[in-house]
Each structure stands twice: as structure tokens, then as C-alpha cells.
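Using the sequences plus the hints, can you model the full thing?
Take a look at the letters that make up each chain.
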Amino acid sequence: MEANYAATNNEGKTWDGGSAKPLGASYGKMMMWFFIMSDALTFSGFLAAYGLMRFKFIDTWPIADEVFTHIPFIHGDYPMYYVAFMSFVLIFSSVTMVLAVDAGKQMKKATVAFYMFLTILGGIIFVGSQAWEWNTFIKGSYGAVKLNDGKIIQFVDSNGHKVALEDFVAATPYGVREEHTRDKGLWFVEDNNYKEYTVEQVIAGFKAHPELSIVTEKLNHETREKQIVPHAEAFGFLNEAKTVVKGANLKENEYGNTLFGDFFFFITGFHGFHVISGIVLNIIIFFNVLLGTYERRGHYEMVEKVGLYWHFVDLVWVFVFTFFYLV
Amino acid sequence: MAHAESHKAFIWKVFGILSLITAVEVILGIVKPDALYLGQILGTSPLNWIFIILTLMKAYAITWYFMHMADEKASFRRAVVWPTVFLIIYLVTLLLIEGSYLHDVLSPLVKWDY
Numbered sequence: 001m002e003a004n005y006a007a008t009n010n011e012g013k014t015w016d017g018g019s020a021k022p023l024g025a026s027y028g029k030m031m032m033w034f035f036i037m038s039d040a041l042t043f044s045g046f047l048a049a050y051g052l053m054r055f056k057f058i059d060t061w062p063i064a065d066e067v068f069t070h071i072p073f074i075h076g077d078y079p080m081y082y083v084a085f086m087s088f089v090l091i092f093s094s095v096t097m098v099l100a101v102d103a104g105k106q107m108k109k110a111t112v113a114f115y116m117f118l119t120i121l122g123g124i125i126f127v128g129s130q131a132w133e134w135n136t137f138i139k140g141s142y143g144a145v146k147l148n149d150g151k152i153i154q155f156v157d158s159n160g161h162k163v164a165l166e167d168f169v170a171a172t173p174y175g176v177r178e179e180h181t182r183d184k185g186l187w188f189v190e191d192n193n194y195k196e197y198t199v200e201q202v203i204a205g206f207k208a209h210p211e212l213s214i215v216t217e218k219l220n221h222e223t224r225e226k227q228i229v230p231h232a233e234a235f236g237f238l239n240e241a242k243t244v245v246k247g248a249n250l251k252e253n254e255y256g257n258t259l260f261g262d263f264f265f266f267i268t269g270f271h272g273f274h275v276i277s278g279i280v281l282n283i284i285i286f287f288n289v290l291l292g293t294y295e296r297r298g299h300y301e302m303v304e305k306v307g308l309y310w311h312f313v314d315l316v317w318v319f320v321f322t323f324f325y326l327v
Numbered sequence: 001m002a003h004a005e006s007h008k009a010f011i012w013k014v015f016g017i018l019s020l021i022t023a024v025e026v027i028l029g030i031v032k033p034d035a036l037y038l039g040q041i042l043g044t045s046p047l048n049w050i051f052i053i054l055t056l057m058k059a060y061a062i063t064w065y066f067m068h069m070a071d072e073k074a075s076f077r078r079a080v081v082w083p084t085v086f087l088i089i090y091l092v093t094l095l096l097i098e099g100s101y102l103h104d105v106l107s108p109l110v111k112w113d114y
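For the record, the sequence lines run as chains B and C. According to the working numbering, numbering within the first sequence proceeds without interruption in unit steps and concludes at 327. According to the working numbering, numbering within the second sequence proceeds without interruption in unit steps and concludes at 114.
If you're looking for bench data, these hints aren't it; they were derived computationally from the structure. Quick caveat: nothing in here was measured; it's all calculated off a predicted structure. All C-beta atoms, glycine included, are put in the ideal place defined by N, C-alpha and C. There may be inaccurate statements among the hints.
Unchecked claim - Below, simulated DSS-like cross-link-like pairs (lysine-lysine); rule was C-alpha separation at most 30 Å, straight line: (1) 139(B) to 242(B); (2) 111(C) to 108(B); (3) 32(C) to 108(B); (4) 8(C) to 21(B); (5) 226(B) to 111(C); (6) 242(B) to 226(B); (7) 109(B) to 21(B); (8) 207(B) to 251(B); (9) 162(B) to 226(B); (10) 162(B) to 32(C); (11) 32(C) to 139(B); (12) 111(C) to 246(B).
Claimed, not checked - Just so you have them, the derived chain B footprint on chain C, three or more residues with Cβ under 8 Å: (13) 55–62; (14) 66–77; (15) 85–99; (16) 102–110.
Encoded structure:
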């Protein structure tokens, strides 16, 4: 308890909370907690909205394990591993943060600086991993076809494994259509909706490969698998095809419901923004520690306050991890 | 200011517990035992309930021991935790009920035979 009282010496300084300490916490720490409260409610709003939409489209929601399957430098289908690594990085940077706070209470300047440094490093690794995850999601893995009513159709082989478009769609006699950039032709025209293949090419490729079937978004709740439609019946779906989809953005998503991508970008993006601001705050405090600011002030409460924010970022990730990747 | 004693050993212990819980979550997420994954309890699979409970345990450990909520005055702790928990439960309950309703109304209108 005494740590909460003894930390500051702000007699008469109203801006710093004066000498009154309602609820036994210093002004700064209490305000940090109430900020965290409001931020927690913002994140809950996002996650609850995600839940609303997921329950609304419970029959067709993408299976996270089929979306996030990549690990850097390794090819193949490895769901969960990369995001598990990211979670451990963030938990570990939380531990180094709390060790910095602990060292601060004992006025050990060098130890605080060391642990703050490790915390910053962990944060940077996490944000870098998140950027890679976004990049992979935006680029996509297999490619799909979108129907007139917005449904997504993916292609699978006889074993039920997903097949990428480039593995069965033949190029035209002129090769694959290139993306038009300003330096290649008309400088005032941009390629707004570049796709490597057209719908006609994809359907022709599908016809030429009778071993392929299509998989719809529809989820079988008994087996928890997406519905596979055999080759012969697939053309009813493919005749409705409107565009080819590769990767995900705010308007379309090769893995299924566009809302899945929208919420993914919005929630992990907002969280990533918090991590970045946390890193900036940590760097400022880190330099203040090195300069001896808190040594002169007589206490390291600033490290504790920025630590609260950093732990909160970790706390949010625990929930994002559960509701985006596990549940 | 009196120098507080170090809680290093305790911090590493909390880290061990958090890592263990995360590892269990990841392993269950990869293996997905059919018995837990395919069943249905209170609206979702038993596996999802395990994930949610483990997540709440992690959230408790982080808030109480990393953010030192355990060391704050009970009045302050309650001023922060109770409204947050209450409002989140309230919001989530309403929105999930609403989501199920939307599903019940809309899903019969979605065509699957082409």
C-alpha cells in the first residue's frame, strides 16, 4: 500500500493532484486507470460488434485456421503458430515492463533502463510481425471467385485441399494480363481493379480439370467444415460468377465474408496503433530514465504509469487473440 | 522513499502461468479434439468455452499482478473494475442476442441451390 502514498511529493501543486489522494492513488495513476477504462470499453465495442456480425453470419463465417496459415520463410499450411509467437512476444514484453517497474521501486536506474529497452524491443518485434500478417492477408493465398450476390467460391482438389488459381487457370495465348501502371502506358490512367485472370479464364481452367471441386462459404455445423460441391454441380455456381478475388481488402475478401476482413483490419489496426503509441511513450520514458530525470524526482512513478498502458495493450491482445484466432 | 523489496521471483511465476495458459490454448487450437470441438454447450462448442475461461484467467493475472490492481485500495479497484466488467457484459449480451435474432430472420432468405 505504501507505494501508492509515498510516490509523489506534490504538496500544494494542484496540477499534480495536490496532496489529496482520493482512493489512495496519485492523480496521474488514477487518470491513467480511467483512460484505460474508457479505452477498454472502446475495444469491447469493436469486439462486441464483431460478435454481432459473426452471430448474424454464423452459417458462413470464415474459419480462422483456414485464413491465417502462413509462417515467414516457410511454405505450407501452419495455422496458429505465427500468432502464438506474437502472443508470446507481447507477454514477454509485459514481463520486462513489470520488471522495470519493480526495479524502479528500488531506484535501480541501470536495471530500469535495461528492462525498458527489452520492452521497446518486444513491442517493435510485435508490430513488425503484425505488419507481416497484414501483408500476407492483403496478398491472399489461393484466390477465389465472387458471385453476383457476393458469395465467395474457392477451389479444392479431390483431397479437399485448396488449390490456387495459378495452378489450374491457363494463361491466354498472350500470357497473363499485366497490371497497368503509369510508367507503362497512359500516364493519366490507373488500373483500378487489376486481376491476373478473368472469370472466363477461371471457368475454362475449372472445366479442363475434372478432379477439381468448389467449396462454398456454407458451414456444416455438425462437422465444422465448409460445404464442398462436386465438379458436375459446380457450374450452377460458376455461371453466377462476377469477379475474381485475390487477397483481402476493405471491399472484398477471398476467404469469405468481407466483414471478416473489415473487422480484422479495424481491430488489429486499432490495437497496432496502440502498440505503436506505447512504443513511442516507452522510448520517451526510456530516455528520461537514462537522463536521470526520475532519479532527481526521487521516484519512478512515470515508469509505472506508462507500464499500466503497456500492460493494457497486452490485455487487449489477449482478447483479440482469443476472438479472432481461437474461437 | 523507502526502497520496496523486489518481487522478481513472483513476477516470473506469473509469467510462467501466463505462458502455460497460452501454450494450452495454442495446443488445443491446433489439435481441436473432436469431443470438444464438435459439441454444443450454451450456444457454442465446449472448446470455445475453454478458450474464453482461459482468456479471462489471463486477463485477471495481467490486471491483478502486472498492473498491480491487487495492491490498490479496494475502493479504487472496484471503481475501475466493476463498471468496466458490468458494461462489457451488458453490451456483449445485448449484441449477441441481437446477432442471433438477425441470423434467424435473414438466414432463411439466403439461397444455396444454384
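Verification of the supplied hints:
| no. | hint | verdict |
| --- | --- | --- |
| 1 | 139(B) to 242(B) | 20 Å, holds |
| 2 | 111(C) to 108(B) | 67 Å, violated |
| 3 | 32(C) to 108(B) | 46 Å, violated |
| 4 | 8(C) to 21(B) | 28 Å, holds |
| 5 | 226(B) to 111(C) | 16 Å, holds |
| 6 | 242(B) to 226(B) | 21 Å, holds |
| 7 | 109(B) to 21(B) | 27 Å, holds |
| 8 | 207(B) to 251(B) | 28 Å, holds |
| 9 | 162(B) to 226(B) | 12 Å, holds |
| 10 | 162(B) to 32(C) | 20 Å, holds |
| 11 | 32(C) to 139(B) | 28 Å, holds |
| 12 | 111(C) to 246(B) | 24 Å, holds |
| 13 | 55–62 | holds (count 4) |
| 14 | 66–77 | holds (count 8) |
| 15 | 85–99 | holds (count 8) |
| 16 | 102–110 | holds (count 5) |
In summary, the structure is inconsistent with hints 2, 3 from the numbered list given earlier, while agreeing with the others.
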